[in-house]
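Sequence lines, in order, name chains A and B. Going by the numbering used here, the first sequence opens with residue 1, and the numbers climb by one from there. Going by the numbering used here, the second sequence opens with residue 1001, and the numbers climb by one from there.
Watch out, some of these pointers could steer you wrong.
What the hints assert, rightly or not - With a Cα cut of at most 27 Å, we get these calculated DSS-like pairs of lysine-lysine: (1) B:Lys1022 with B:Lys1392; (2) B:Lys1192 with B:Lys1030; (3) A:Lys301 with B:Lys1507; (4) A:Lys87 with B:Lys1220; (5) A:Lys294 with B:Lys1322; (6) A:Lys301 with B:Lys1318; (7) A:Lys159 with B:Lys1124; (8) B:Lys1406 with A:Lys87; (9) B:Lys1220 with B:Lys1392; (10) A:Lys159 with B:Lys1322; (11) B:Lys1255 with A:Lys301; (12) B:Lys1270 with A:Lys294; (13) A:Lys301 with B:Lys1406; (14) B:Lys1369 with B:Lys1330; (15) B:Lys1373 with B:Lys1424; (16) B:Lys1313 with B:Lys1330; (17) A:Lys294 with A:Lys159; (18) B:Lys1182 with B:Lys1424; (19) B:Lys1204 with B:Lys1406; (20) A:Lys159 with B:Lys1128; (21) B:Lys1369 with A:Lys159; (22) B:Lys1369 with B:Lys1322; (23) B:Lys1392 with B:Lys1425; (24) B:Lys1507 with B:Lys1220; (25) B:Lys1204 with B:Lys1125; (26) B:Lys1490 with B:Lys1318; (27) B:Lys1270 with B:Lys1030; (28) A:Lys159 with B:Lys1145; (29) B:Lys1062 with A:Lys301; (30) B:Lys1228 with B:Lys1145; (31) B:Lys1075 with A:Lys301; (32) A:Lys87 with B:Lys1059; (33) B:Lys1369 with B:Lys1318; (34) B:Lys1373 with A:Lys294; (35) B:Lys1424 with B:Lys1255; (36) A:Lys294 with B:Lys1406.
As the list claims (entries may be wrong) - Restraint-style ranges between C-beta atoms, simulated for each label pair: (37) B:Met1130 with A:Lys294: 25 to 31 Å; (38) B:Ala1381 with A:Val91: 50 to 56 Å; (39) A:Leu86 with B:Lys1316: 40 to 46 Å; (40) B:Lys1228 with A:Met77: 56 to 62 Å.
The set of hints was computed from the structure by calculation and includes no laboratory data. Ideal placement from N, C-alpha and C gives every residue a C-beta, glycine not left out.
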Amino acid sequence: MNETFVISLLLGSLAAMVPIALTSIGAVISERAGVVNIGYEGILMLSAFFGAIFAELANNGWVGLLGGALTGLVIGMIHGVITVYLKGDHVIPGIGINLIGYGGVAFGILAYWGTAGQHQVAPSAQIKPLWMDAFGNSLSPMVPITIAIAFIAWWMLFKTPFGLRIRAVGENPEAADALGINVELYRFTAVLIASALAGVAGAYLSVDWLGTVTKTIAAGRGFIALANMVFSGWNPIIALGGAFLFGFFDNFAIYIQNNPWLAGTIPWQFIATLPYVVTLVVVAGIIGRARPPKWDGRPYKRE
Amino acid sequence: MEERTPVLEMRDIVKIYPDGTKALKGVTIKVYEGEILGLLGENGAGKTTLMKILFGMLKPTKGRIFLRGKEVRFKSPADAIANGIGMVHQHFTLVEVFNALENIILGMEGHGLFSKIDVENARKKLQKLMDELNFQVPLDVPVEKLPVGTQQRIEILKMLYRNVDILILDEPTAVLTPIEVKELFAVLRKLKAQGKTIIFISHKLNEVMEITDRVTVIRKGQVVGTVKTSEATPQLLARMMVGRDVVLRIEKPPKEPGEVVFRVENLWVKGDRGEEAVRGLTFEVRAGEIFGIAGVEGNGQSELIEAITGLRKVEKGKIYLKGVDITGKKPRDLYDMGVAHIPEDRTHMGLILEMTVMENAILGMHWRKEFSKDLGLINWAKVEEHSNRLIKEFEIVAPGTKAPVKSLSGGNQQKLIVAREVSKKPEFIIAAQPTRGVDVASTEYIRNYLVKLRNENKAVLLVSADLDEVLQLSDRMAIMYEGQFMGIVKPDEVTEEQIGLMMGGVKA
């Protein structure tokens, strides 16, 4: 192990941390307010796709991220209206979003760019790294931004009136309602924040980290983010740590696969499961069993 | 004196629910500043409905509300609070994982939705409020870890923090221990001295007699009358409330107990947090005997019952039924051996509220041959017959066997449980808090029924936080404190003072 390898592993881990962290943090906020959404995978897919379109149209990666956030917001609005205002089921819309995500993007790439399954985002439309070395290792500005978002989200949830109310409507909406807190408004807002963050995460995949749109670009990260949220005990900062851990082993697995000696000994399929297994074991082991917000996933209707 | 304008008047309030139930049929009440008004009535009389209308939780079908002479109409509880009316519900509306401070300041945390909450300032304000009222609650502990009496004070503080001057308390003593009730009354008197107006909803005569200035009695959605407490007697109020004289005493002929039916030997049980909840209990219940267990709630009674009924692991010791060791047996085996269980929490353990009366009537017996057809299908005709028999025999007021149980009043739900358990033809009946939150008439019925079972030579184990109930029904009684019995006594050979001491942990 030399210095270059360590730097490469560290930067790779941080890059892989960003989408999972952003999605998990959003999910923490949404579920703290009592709204479950299993559609983050679909949001990642669609916002990666639309983010790339926005970025190429404006020839600017940041506009791509904004486009991703807008995509997330629109999907979040649909989910929020169904779950918060129409008191619908919290799981079903998410299934729909995921299905639309995979189907829509596979079709969209072909329809919009005319290529099948994959589109390379123009380099000029990608986010410029903060730092880069001769070996192609780079650090995205989204890394410090994501870390900042985790701490801001934590501070907001646990130190401000806004956060107190978010948590109150997720724990006991009746109590919040009786004190004049607009339960629906706070829940809806939380859903929007969550889906916008997932939208940024999706666009980050295409216009920053990977620089490409593929028909399976989310690759299960939306679901990993949900698991990470649970194991973080619904805490944004621990979710950030969990996301880094996943990113680290994700990169480590690639390193092992590229090492002929190790790859010959251990089947690559086994190594590929490493990030998933280790993240779950470590984060679950540290946090133990956390209790979800009491009204998580339950529509609130005044009697 | 009657010329004073009431601070609050509800005039001709009518409430008809969408399903056609007439909850209130033109109720008028007047509340004067600085008084404690008792709102007395049986469960289902409409007291809570009336107060929910006042508090903006329900819309009245008809009627007007005047506050300080001006007509008002509250769209939500928050609206009512803003107008100085606060309510403490029977079931608390607290965020369990929040501490007292967070629960109280929620919704009025101070300026700036995204600025840091000024915890110290809130703490100072609350401390001042608590000092004035002469009580303390821990502000930094999650409220779920606090006793119900403390949670109730937090609810009261929550309202006072919002500067309400009319406070509605819905059955505030239902969940309290006798000591906590005394403490609550002290707080209420303090509030009254500060000039607050209090509406005290209750169906307990002695409490209303003790704390209120005037009493308005409601029966079946109508006001029966209003009397000055100083001019009332419990007998008068009982007659107004029920519409007939209530037999406040239970007929209980003397009886020699028979052989030992149930026996517990050196029983140790752990609580939810791993603490020793039951610590080496030994006792027996004989045929034709009611053995009562009294004591302040949370002293291991629930864990004891759960261990006996097979719902909780026994750490050490033995439990025998008719000489057979039943330690660690499953609830179903126990049912088959002749144990019946009236659980302490009817809505969570006793009934499935969403299911119908007849489905609930066979819970725990649904596998029995008498209710099944070929291929293991349930014989619904038989079940219906069975439920109708129970409804008739136990005088349960229900819209029908196919109505959901949640549409029954608390008293009738409880009667259904008693009916079901008794229909299992048990030898040994465990009755936990059998009349909690139950109206006077049903209470009387259930208590008499327990005595009837005793007279039929059954063994009855009664566990209740209602001391009067234990004293009235038991042949022998034990007082439980921190997992142990402070003494086993005969109710007629002991003074209230002695029992009070034992409840406080002093051995007899």
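A quick look at each hint next to the structure:
Our distance criterion of 27 Å between C-alpha atoms is met by B:Lys1022 and B:Lys1392, whose separation comes to about 24 Å. In summary, the hint linking B:Lys1192 to B:Lys1030 is supported, as the alpha carbons are separated by about 17 Å, within the 27 Å threshold. Among the hinted pairs, A:Lys301 with B:Lys1507 is inconsistent with the structure: their alpha-carbon atoms are about 51 Å apart, more than 27 Å. With a C-alpha separation of about 34 Å, the suggested pair A:Lys87 and B:Lys1220 falls outside the 27 Å cut-off, and the hint is violated.
Restraint check for A:Lys294 and B:Lys1322: the C-alpha separation of about 44 Å exceeds 27 Å, so the hint is violated. For the proposed pair A:Lys301 and B:Lys1318, the alpha carbon gap of about 48 Å is over 27 Å, so the pair is violated. With a C-alpha separation of about 18 Å, the suggested pairing of A:Lys159 with B:Lys1124 holds against the 27 Å cut-off. The straight-line distance between the Cα atoms of B:Lys1406 and A:Lys87 is roughly 22 Å, inside the 27 Å bound, and the hint therefore holds.
For the given pair, B:Lys1220 sits about 22 Å from B:Lys1392 by alpha-carbon distance, which is consistent with the 27 Å threshold. Taking the CA atoms of A:Lys159 and B:Lys1322, the gap is about 60 Å. The hint is violated against a cut of 27 Å. A C-alpha spacing of about 54 Å is found between B:Lys1255 and A:Lys301, which places the hinted pair above 27 Å, so the restraint is violated. Taking the CA atoms of B:Lys1270 and A:Lys294, the gap is about 26 Å. The hint holds against a cut of 27 Å.
Restraint check: the Cα-Cα separation between A:Lys301 and B:Lys1406 comes to about 18 Å, which is no more than 27 Å; the hinted pair holds. For the given pair, B:Lys1369 sits about 20 Å from B:Lys1330 by alpha-carbon distance, which is consistent with the 27 Å threshold. Only pairs whose Cα atoms come within 27 Å are accepted, and B:Lys1373 paired with B:Lys1424 is accepted, the gap being roughly 19 Å. Between B:Lys1313 and B:Lys1330, the direct Cα distance comes to roughly 10 Å. Compliance with the 27 Å bound is thereby established for this hinted pair.
Distance hint between A:Lys294 and A:Lys159 is fulfilled; the C-alpha atoms sit about 20 Å from each other, no more than 27 Å. A distance of roughly 40 Å separates the Cα atoms of B:Lys1182 and B:Lys1424; the hinted pair therefore is violated under the 27 Å criterion. With a CA separation close to 24 Å, the supplied pair B:Lys1204 and B:Lys1406 stays within the 27 Å bound. For the proposed pair A:Lys159 and B:Lys1128, the alpha carbon gap of about 23 Å is at most 27 Å, so the pair holds.
Our distance criterion of 27 Å between C-alpha atoms is broken by B:Lys1369 and A:Lys159, whose separation comes to about 60 Å. Between the alpha carbons of B:Lys1369 and B:Lys1322 the distance comes to roughly 25 Å, so the proposed pair stays at or under 27 Å and holds. Between the alpha carbons of B:Lys1392 and B:Lys1425 the distance comes to roughly 17 Å, so the proposed pair stays at or under 27 Å and holds. Simply put, B:Lys1507 and B:Lys1220 have alpha-carbon atoms about 46 Å apart, too far for the 27 Å limit, and the pair is violated.
Between B:Lys1204 and B:Lys1125, the direct Cα distance comes to roughly 35 Å. Violation of the 27 Å bound is thereby established for this hinted pair. A distance of roughly 25 Å separates the Cα atoms of B:Lys1490 and B:Lys1318; the hinted pair therefore holds under the 27 Å criterion. For the suggested pair B:Lys1270 and B:Lys1030, the alpha carbons sit about 51 Å apart, so the restraint of at most 27 Å is broken. Distance restraint check for A:Lys159 and B:Lys1145: the Cα-Cα separation of roughly 22 Å lies within the 27 Å cut-off, and the hinted pair is therefore satisfied.
A distance of roughly 24 Å separates the Cα atoms of B:Lys1062 and A:Lys301; the hinted pair therefore holds under the 27 Å criterion. Proposed proximity of B:Lys1228 and B:Lys1145 is contradicted: the alpha carbons are some 40 Å apart, above 27 Å. In summary, the hint linking B:Lys1075 to A:Lys301 is supported, as the alpha carbons are separated by about 15 Å, within the 27 Å threshold. Distance check on the hinted pair: A:Lys87 and B:Lys1059 sit about 22 Å apart at the alpha-carbon level, within 27 Å; holds.
A distance of roughly 31 Å separates the Cα atoms of B:Lys1369 and B:Lys1318; the hinted pair therefore is violated under the 27 Å criterion. For the hint pairing B:Lys1373 with A:Lys294, the CA-to-CA distance comes to about 41 Å; that exceeds 27 Å, so the pair is violated. At most 27 Å may separate the alpha-carbon atoms for a hinted pair to count; B:Lys1424 and B:Lys1255 meet this at roughly 24 Å. As the CA atoms of A:Lys294 and B:Lys1406 are separated by approximately 22 Å, the hinted pair is consistent with the 27 Å bound.
Distance hint for B:Met1130 and A:Lys294: a CB-CB separation of about 27 Å, consistent with the stated range 25 to 31 Å. The hinted range of 50 to 56 Å is not satisfied by B:Ala1381 and A:Val91, whose Cβ atoms lie roughly 39 Å apart. Distance hint check: the CB atoms of A:Leu86 and B:Lys1316 are about 54 Å apart, inconsistent with the given range 40 to 46 Å. The beta-carbon spacing between B:Lys1228 and A:Met77, approximately 59 Å, falls within the hinted interval of 56 to 62 Å.
In summary, the numbered hints that this structure violates are 3, 4, 5, 6, 10, 11, 18, 21, 24, 25, 27, 30, 33, 34, 38 and 39.
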